[in-house]
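Protein chains: 2
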Amino acid sequence: MGRPRTPLLDRARITTTALELVDEQGEFSVPQIARRLGVQTGSVYHHVDGRDGIVELMRERICEAIDSATLDAGPWDAAVSAWAHSYRAAFAAHPRVIPLLMTSPVRAPKVLEQYERAVGLLLTAGFAVADVMPLITGLENLVLGSALDLAAPETMWELREETPTPQLARALAAVGAGRADAAFDAALEGLIGHGRTLLARTTP
Amino acid sequence: MGRPRTPLLDRARITTTALELVDEQGEFSVPQIARRLGVQTGSVYHHVDGRDGIVELMRERICEAIDSATLDAGPWDAAVSAWAHSYRAAFAAHPRVIPLLMTSPVRAPKVLEQYERAVGLLLTAGFAVADVMPLITGLENLVLGSALDLAAPETMWELREETPTPQLARALAAVGAGRADAAFDAALEGLIGHGRTLLARTTP
Chain A
1 MGRPRTPLLD RARITTTALE LVDEQGEFSV PQIARRLGVQ TGSVYHHVDG RDGIVELMRE
61 RICEAIDSAT LDAGPWDAAV SAWAHSYRAA FAAHPRVIPL LMTSPVRAPK VLEQYERAVG
121 LLLTAGFAVA DVMPLITGLE NLVLGSALDL AAPETMWELR EETPTPQLAR ALAAVGAGRA
181 DAAFDAALEG LIGHGRTLLA RTTP
Chain B
1 MGRPRTPLLD RARITTTALE LVDEQGEFSV PQIARRLGVQ TGSVYHHVDG RDGIVELMRE
61 RICEAIDSAT LDAGPWDAAV SAWAHSYRAA FAAHPRVIPL LMTSPVRAPK VLEQYERAVG
121 LLLTAGFAVA DVMPLITGLE NLVLGSALDL AAPETMWELR EETPTPQLAR ALAAVGAGRA
181 DAAFDAALEG LIGHGRTLLA RTTP
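Going down the list, the sequences are from chains A and B.
Under full-length UniProt numbering, the first sequence has 74 at position 74, and the numbering climbs by one with no breaks.
Under full-length UniProt numbering, the second sequence has 29 at position 29, and the numbering climbs by one with no breaks.
The hints are simulated quantities; they were obtained by calculation from the structure and are not laboratory data.
Errors might be hidden in some of the hints.
Which copy? The list can't say, so a pair holds if one copy fits it or any two copies do.
Below, a list of computed lysine to aspartate or glutamate pairs in the EDC-like style, where the Cα atoms sit at most 20 Å apart [stated by the list, open to error]: (1) K110 <-> E158; (2) K110 <-> E64; (3) K110 <-> E161; (4) K110 <-> E162; (5) K110 <-> D72; (6) K110 <-> D67; (7) K110 <-> D49; (8) K110 <-> D52; (9) K110 <-> E60.
My request is simple: use the sequences and hints to build the entire structure.
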């Protein structure tokens with residue numbers, strides 16, 4: 001289980017290299033990291049807790065870019081909205097890492113602490129404890145789906161004469177640029193509105 | 001630009017192989033498809049419109065599994081909810097293809113037709129034309145984020161003694177199994193609620 005014995009610099013370089021690989025090819029391997037850094041594969045394993053440890057280092061790196069101070073500034077709806085925007089921006093910088101992180105358990109201490117603060121925010125606001133994780137996870141699904149959408153091409157629908165789609169054409173013309181932001185804001189407003197409804201039921 | 005000149009069977013085999021590769025490794029290449037099928041790379045190109053054509057074949061294949069008849073039945077909110085559930089299930093079977101499809105323009109005729117129907121549903125329901133794409137895209141962000149979440153491990157947060165997160169522990173215990181579904185339903189209800197609000201403003 002080799003705990004890291006070396007300076008942070010080395011783990012940082014391994015993390016940076018793993019992220020570069022995932023950005024380029026959607027995946028990484030420890031031998032690939034070693035090759036890029038010009039070291040033996042075994043040396044990489046001296047610095048990290050295996051492949052899973054590298055995944056957690058990437059998670060920690062990306063989550064450092066989320067402004068978690070948003071979670072302390074009050075009322076819950078403004079805080080959640082600010083957190084969601086910052087969360088989306090952090091992952092939009094590395095869209096291809098999203099599937100990797102979403103399908104691997106969260107172990108990074110700093111990331112667990114950020115969840116603790118998000119849960120605390122909603123409990124303090126008066127949400128029923130059973131409503132908290134569905135709201136946070138629903139928000140994350142939206143945030144990460146939207147982060148992927150930010151990496152989409154400007155023209156996402158290529159309409160074709162041989163497939164007439166006049167209503168789609170009208171709807172696309174009506175929204176124009178800022179399509180991804182308008183979608184995120186609409187869905188986020190919906191989720192926060194749902195939260196308000198739940199809260200009104202919980203605290204009569 | 002070689003238009004397909006061969007029976008559907010061959011394009012179907014290319015699509016199946018590309019999907020297998022993406023399911024396994026998050027990516028595919030035309031030479032890899034050729035190797036798996038035991039043919040020359042050039043032969044693959046005879047059947048499809050290049051790499052982008054294969055991406056569109058994968059999109060078409062996955063979207064065939066969406067029950068688009070949901071878009072024709074009943075009030076818009078029930079229709080959107082049924083479509084979203086079917087859409088999520090189709091992509092949950094191939095989570096690793098999601099980033100690839102979300103970052104490549106939609107050209108597949110059958111998929112464009114499905115968008116046309118979704119837009120038509122919302123226009124008929126009375127939505128302002130500028131509200132339609134943000135709602136559909138917000139729904140897709142949620143659907144695809146949630147499809148990735150369905151591929152997450154049962155225990156997504158591995159709490160650690162050395163990082164006390166008592167509120168997170170309580171919130172996780174309160175939701176239990178069905179976490180991903182509860183999150184999707186909460187966010188979907190929020191989005192549909194937002195739609196109702198928009199509609200009430202549009203049709204006074």
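Which of the stated hints cannot be reconciled with the structure, identified by number in ascending sequence?
Structure breaks no hint.
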